[in-house]
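Participant: Listed here are the chains, written in short residue letters.
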Amino acid sequence: MANTKEEFKQLIEDVQSQDWYRNPIGFGIARIDRGQLDSSKVLQATFPIINWNENFGSAAVLLNALKIAGENVDTKGTELVCNISDVFLEECVKAFSPYISEAKGEDHKNVQVISTLASLPIDSGFTADDYKAVFIFEDENAQSVETSYLKLYALSTGKAAIRSLNLNGIFGQLHNVAWTGSTPIELDWLRANEIALKLSGKYPTIDMVDKFPRFLSHVIPADNTRILETSKVRMGAQLAAGTTVMPGAAYINFNAGTEGSVMVEGRISSSAVVGAGSDVGGGASILGVLSGTDGVPVSIGENTLLGANSCTGTAIGDACILDAGVTILPGTKITLSEKAVAAIAEANPEKEIKTLMRGMDFLGVNGVHFRQNSVNGQIIAMRSTREIKLNADLH
Amino acid sequence: MANTKEEFKQLIEDVQSQDWYRNPIGFGIARIDRGQLDSSKVLQATFPIINWNENFGSAAVLLNALKIAGENVDTKGTELVCNISDVFLEECVKAFSPYISEAKGEDHKNVQVISTLASLPIDSGFTADDYKAVFIFEDENAQSVETSYLKLYALSTGKAAIRSLNLNGIFGQLHNVAWTGSTPIELDWLRANEIALKLSGKYPTIDMVDKFPRFLSHVIPADNTRILETSKVRMGAQLAAGTTVMPGAAYINFNAGTEGSVMVEGRISSSAVVGAGSDVGGGASILGVLSGTDGVPVSIGENTLLGANSCTGTAIGDACILDAGVTILPGTKITLSEKAVAAIAEANPEKEIKTLMRGMDFLGVNGVHFRQNSVNGQIIAMRSTREIKLNADLH
Amino acid sequence: MANTKEEFKQLIEDVQSQDWYRNPIGFGIARIDRGQLDSSKVLQATFPIINWNENFGSAAVLLNALKIAGENVDTKGTELVCNISDVFLEECVKAFSPYISEAKGEDHKNVQVISTLASLPIDSGFTADDYKAVFIFEDENAQSVETSYLKLYALSTGKAAIRSLNLNGIFGQLHNVAWTGSTPIELDWLRANEIALKLSGKYPTIDMVDKFPRFLSHVIPADNTRILETSKVRMGAQLAAGTTVMPGAAYINFNAGTEGSVMVEGRISSSAVVGAGSDVGGGASILGVLSGTDGVPVSIGENTLLGANSCTGTAIGDACILDAGVTILPGTKITLSEKAVAAIAEANPEKEIKTLMRGMDFLGVNGVHFRQNSVNGQIIAMRSTREIKLNADLH
Numbered sequence: 105m106a107n108t109k110e111e112f113k114q115l116i117e118d119v120q121s122q123d124w125y126r127n128p129i130g131f132g133i134a135r136i137d138r139g140q141l142d143s144s145k146v147l148q149a150t151f152p153i154i155n156w157n158e159n160f161g162s163a164a165v166l167l168n169a170l171k172i173a174g175e176n177v178d179t180k181g182t183e184l185v186c187n188i189s190d191v192f193l194e195e196c197v198k199a200f201s202p203y204i205s206e207a208k209g210e211d212h213k214n215v216q217v218i219s220t221l222a223s224l225p226i227d228s229g230f231t232a233d234d235y236k237a238v239f240i241f242e243d244e245n246a247q248s249v250e251t252s253y254l255k256l257y258a259l260s261t262g263k264a265a266i267r268s269l270n271l272n273g274i275f276g277q278l279h280n281v282a283w284t285g286s287t288p289i290e291l292d293w294l295r296a297n298e299i300a301l302k303l304s305g306k307y308p309t310i311d312m313v314d315k316f317p318r319f320l321s322h323v324i325p326a327d328n329t330r331i332l333e334t335s336k337v338r339m340g341a342q343l344a345a346g347t348t349v350m351p352g353a354a355y356i357n358f359n360a361g362t363e364g365s366v367m368v369e370g371r372i373s374s375s376a377v378v379g380a381g382s383d384v385g386g387g388a389s390i391l392g393v394l395s396g397t398d399g400v401p402v403s404i405g406e407n408t409l410l411g412a413n414s415c416t417g418t419a420i421g422d423a424c425i426l427d428a429g430v431t432i433l434p435g436t437k438i439t440l441s442e443k444a445v446a447a448i449a450e451a452n453p454e455k456e457i458k459t460l461m462r463g464m465d466f467l468g469v470n471g472v473h474f475r476q477n478s479v480n481g482q483i484i485a486m487r488s489t490r491e492i493k494l495n496a497d498l499h
Numbered sequence: 105m106a107n108t109k110e111e112f113k114q115l116i117e118d119v120q121s122q123d124w125y126r127n128p129i130g131f132g133i134a135r136i137d138r139g140q141l142d143s144s145k146v147l148q149a150t151f152p153i154i155n156w157n158e159n160f161g162s163a164a165v166l167l168n169a170l171k172i173a174g175e176n177v178d179t180k181g182t183e184l185v186c187n188i189s190d191v192f193l194e195e196c197v198k199a200f201s202p203y204i205s206e207a208k209g210e211d212h213k214n215v216q217v218i219s220t221l222a223s224l225p226i227d228s229g230f231t232a233d234d235y236k237a238v239f240i241f242e243d244e245n246a247q248s249v250e251t252s253y254l255k256l257y258a259l260s261t262g263k264a265a266i267r268s269l270n271l272n273g274i275f276g277q278l279h280n281v282a283w284t285g286s287t288p289i290e291l292d293w294l295r296a297n298e299i300a301l302k303l304s305g306k307y308p309t310i311d312m313v314d315k316f317p318r319f320l321s322h323v324i325p326a327d328n329t330r331i332l333e334t335s336k337v338r339m340g341a342q343l344a345a346g347t348t349v350m351p352g353a354a355y356i357n358f359n360a361g362t363e364g365s366v367m368v369e370g371r372i373s374s375s376a377v378v379g380a381g382s383d384v385g386g387g388a389s390i391l392g393v394l395s396g397t398d399g400v401p402v403s404i405g406e407n408t409l410l411g412a413n414s415c416t417g418t419a420i421g422d423a424c425i426l427d428a429g430v431t432i433l434p435g436t437k438i439t440l441s442e443k444a445v446a447a448i449a450e451a452n453p454e455k456e457i458k459t460l461m462r463g464m465d466f467l468g469v470n471g472v473h474f475r476q477n478s479v480n481g482q483i484i485a486m487r488s489t490r491e492i493k494l495n496a497d498l499h
Numbered sequence: 105m106a107n108t109k110e111e112f113k114q115l116i117e118d119v120q121s122q123d124w125y126r127n128p129i130g131f132g133i134a135r136i137d138r139g140q141l142d143s144s145k146v147l148q149a150t151f152p153i154i155n156w157n158e159n160f161g162s163a164a165v166l167l168n169a170l171k172i173a174g175e176n177v178d179t180k181g182t183e184l185v186c187n188i189s190d191v192f193l194e195e196c197v198k199a200f201s202p203y204i205s206e207a208k209g210e211d212h213k214n215v216q217v218i219s220t221l222a223s224l225p226i227d228s229g230f231t232a233d234d235y236k237a238v239f240i241f242e243d244e245n246a247q248s249v250e251t252s253y254l255k256l257y258a259l260s261t262g263k264a265a266i267r268s269l270n271l272n273g274i275f276g277q278l279h280n281v282a283w284t285g286s287t288p289i290e291l292d293w294l295r296a297n298e299i300a301l302k303l304s305g306k307y308p309t310i311d312m313v314d315k316f317p318r319f320l321s322h323v324i325p326a327d328n329t330r331i332l333e334t335s336k337v338r339m340g341a342q343l344a345a346g347t348t349v350m351p352g353a354a355y356i357n358f359n360a361g362t363e364g365s366v367m368v369e370g371r372i373s374s375s376a377v378v379g380a381g382s383d384v385g386g387g388a389s390i391l392g393v394l395s396g397t398d399g400v401p402v403s404i405g406e407n408t409l410l411g412a413n414s415c416t417g418t419a420i421g422d423a424c425i426l427d428a429g430v431t432i433l434p435g436t437k438i439t440l441s442e443k444a445v446a447a448i449a450e451a452n453p454e455k456e457i458k459t460l461m462r463g464m465d466f467l468g469v470n471g472v473h474f475r476q477n478s479v480n481g482q483i484i485a486m487r488s489t490r491e492i493k494l495n496a497d498l499h
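Chains as they are written, first to last, in the numbering used here: chain V, 105 to 499; chain H, 105 to 499; chain S, 105 to 499.
Treat the hints with care, since some could be wrong.
A pair counts as met if it fits within one copy or between any two copies, since identical chains are not told apart.
[As the list claims (entries may be wrong)] Straight-line C-alpha distance at most 27 Å; calculated DSSO-like pairs for lysine-lysine:
hint, residue 1, residue 2
1, K302, K171
2, K113, K180
3, K208, K145
4, K171, K113
5, K443, K493
6, K458, K437
7, K315, K302
8, K198, K302
9, K302, K263
10, K198, K171
11, K302, K145
12, K213, K113
13, K306, K145
14, K306, K208
15, K171, K213
16, K263, K306
17, K113, K263
18, K198, K109
It should be emphasised that the hints constitute simulated quantities derived from the structure, not laboratory data. Quick caveat: nothing in here was measured; it's all calculated off a predicted structure.
Work out the full structure, taking the sequences as your base and the hints as a guide.
Facilitator: Right, here's the structure in full:
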């Protein structure tokens, strides 16, 4: 029991100094949805708050409480998923007691989670069995639904950078299920009950069938972020504040997204990233590593416009314009006039600019306007009219 | 109190002749949704019926009743939003009494609104505080959420023409909120309650995050109009009867839409208008004034086909065809054969047709087929095979 | 009454040998949704199970029971829709009695439907009037909502091949209605109640307005099929197991779909079919017979890639690649080098390959890579790098 913050600090140090203890990369407590037919199947994990390379004191409290509660707290593996119990909650409450009264609003979110769990009404329909304490110690292949979700949360809350996590194995862990709103339903349960549900008028409205949930079912975006249709952003995507996602042809896959205020009316495939101030026009396609690129994840720079129905399978720099309807793949031959070579070279003194380049040669080249000459069909590049902003962090 | 229609007419004349009185451009009574945390914030206004340059008798009744009820009825401003009260409702009922018995179906909708409000059951959960009487006297920048909605309703009900209203300031008035179905939720409320909602399994399904609601949450389309997915049409869009909006890549933004039966499988950006009988093919993009046009709102004529994945940033006339995949921007150079010049000139005797034109030169030119020559990549124009229909209203 | 399976068999033979009897092509029992204003209008028919060229024993039981129950069982017409009654259910139960105890899981689904109907609780809110027995005897124009749905089910469950059914008249039979979730609402009912619903905060969230429901409201896809947004697949579409439909610009219309595992990020128009292992890239458009094709329904072969924002209005063979952004219409002139002619001819010994071909000439030609030369704008074809798989069923 920690009666004071000083005692709390001491408790943490005690726990952290023990042999078995190890700081997790990420952790949190999740409510889980189980299969309707096979209750051992975890269909979804909902985290009210996640921790990522932070709040190690809370991690120590949770791991210690699990140990006291008799859980097998093996921190040697890459991850750990434990059941919670009344004993666990009591131990956490004891440890967190100096903080409980001030745990509100933005403060001490982990303490709020414990307090809320400890005070859930009896008739809430949930039991301790519906919650899990989830820890990732090493960024290896996820071995559970719970840690798969924890990684997706790390990406979608912006706590881990796009492309920074090992996401191998996630597709294997997650179950393909029907979703009614944010609730997952086993397809087999639907099959087993189809006749009764349909005849009684109780067949649920199915909004999608997928392994991943939607971003908005788990993440609250920033005040100036807009997502005009929930299906357009998959859980695991990352949207910087100020991003707008329109409902036409837009889609942002998991492990992809924006690094600043971006207007998204096109597709940002998995592993693609778009810089601040850029515009992904209506129906524009940024290809993923598996479809049309040369295997290098595509980055789009800052203040760049991808015109409507344009397509890019290669990196595009800052302050560029890709005209509506133009496609640039890694191998696309692009012709530059001498004047264009000079102007682009002036803006990119460290790059080699030539009169004939391939799409892939434009990696890191800023201020380029890609067009198709409408008189002779040639794909050309010239200096864009956009100013290349100096990045204050770099200059 | 008006006991007869004659007395009603007299009452209206009395009110209209008073110094303070002024006919509004638009008015209506709205139910409002307030912020869950900040109840002074109006998140949405729902109008069962709006009036636009019409029904001035009802306007006089409402304004007079507000005055009697003690509201500050200042008609000197550009707009007016007033609270309603029992006194207000009683005064309205008294004035409308000769019409109450015949107010049903399509008749006397404003009277129906008053009757319905006056008879709402005590346990409906709403109070007079949840309703507002809303008036616009001049089409200036909206200064409230309620008048912003009234303008969007004027557009979406077809009572005001697309591009005819001053919509400046609407983005500033509307709050960016989460929507579950048609109900707006403050993002801050979600944040304040995230832990409890998620742990208790009561986190709402969020369908979108936006300042604008969806068209179908407020407007009932014509019997032969189809909208295959609600997210595809923003409130403030206008769809003429017979329009079909498909769920692939379509989107119709506010202050944009169709003037007749149109098949929409692509994007109609804000301020763009498509004429009757035309077809916006799958993924076709009609650009808005801020992206790729020369600042002139784009109009598409009647009986014109924009092919799949085509893109236009400039006006296209009647009976035109833009081939699938072809992009016409204002500056696009388009080559015409002598034969094409002659045929198009014959169909457009008042226009100057040349062997090399820019996209913007085709403003008002009918019967043009825009293609890309697949042998030499040239963008060309020829006479389309479509007949140019004489507009019966004009000829 | 059939006490044994032997007696059941005898009963069926007796019924089938009677003059009036005729085996139906398809049949099933549907729960129907009626109009809120006009209850004679059937807005939707929901089948827990359909039969298509199968289970004629059950058909005989149902038709015989309808006859005993006094229904006008006219099997001379192309279709039959009958009311059900307690007498009908009792007769079915009597006939099916040897199978009732083993009717569970995947076995004896028609018997399960009868058992479930016979045991629906009194307070379920439904009466016999809410169910119909539906039969199609000839594949002629549908003459009812119920048989229109039965045909859509035959397609979407994969029991009838895409393009194999006569779907004429379906648009005429189905009513254009508003849908809240999977529930259809008459537009006129919304109009009649708009004022009361809006003022009382009970206006329903409308998800779409269409004649057709969505695929996922009626059909449970295979375990490895994913549909990331329900609006993207219309009822009447057919998705082979392993198909994935992404939420960006995808759409699959009725009487169209996939014949194997296909990634769908673009549009598959009505009557278009995509072969196993192919990929319809982001925003790619496969045109329907009414828009841009020469009237021949478009088939895409196996193991073929349609790149992002590509468009095809003509058939494409196996192992082909259509580059991102390239459009091939039936009349598109496509240039081949001598080397390309030789390589494609080698892979397609039975086809005539030339140095200049039209899009439509590639019908049945495999292993073609369609590109636009970015130096001179020419649309070219070369041998794709994809191996043409021998179809085991054919070789």
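Participant: Evaluate each hint against the coordinates.
Facilitator: Hints and how they fare:
1. K302 <-> K171: Classified as between: cross-chain Cα gap 26 Å, same-chain 48 Å, threshold 27 Å.
2. K113 <-> K180: For K113 and K180, the Cα distance is within 27 Å only inside one copy (24 Å; across copies 65 Å).
3. K208 <-> K145: between (34 Å within a copy, 23 Å between copies)
4. K171 <-> K113: Intra 19 Å, inter 66 Å, cutoff 27 Å: intra-copy only.
5. K443 <-> K493: Answer is within; shortest intra-copy Cα gap is 22 Å, inter-copy 48 Å.
6. K458 <-> K437: both (11 Å within a copy, 26 Å between copies)
7. K315 <-> K302: This pair counts as both: shortest intra-copy Cα distance 24 Å, inter-copy 20 Å.
8. K198 <-> K302: Result: close only across copies, 23 Å inter versus 50 Å intra.
9. K302 <-> K263: Cα proximity of K302 and K263: across copies only (20 Å, versus 43 Å in one copy).
10. K198 <-> K171: Close inside one copy (15 Å), not across copies (62 Å); limit 27 Å.
11. K302 <-> K145: This pair counts as both: shortest intra-copy Cα distance 25 Å, inter-copy 20 Å.
12. K213 <-> K113: within (18 Å within a copy, 64 Å between copies)
13. K306 <-> K145: Both. Shortest intra-copy (24 Å) and inter-copy (21 Å) distances satisfy the 27 Å Cα cut-off.
14. K306 <-> K208: between (40 Å within a copy, 19 Å between copies)
15. K171 <-> K213: Intra 22 Å, inter 51 Å, cutoff 27 Å: intra-copy only.
16. K263 <-> K306: Between. Shortest inter-copy distance 25 Å satisfies the 27 Å Cα cut-off; intra-copy 40 Å does not.
17. K113 <-> K263: For K113 and K263, only the intra-copy Cα distance (25 Å) is at most 27 Å; the inter-copy one is 67 Å.
18. K198 <-> K109: Result: close within a single copy only, 12 Å intra versus 68 Å inter.
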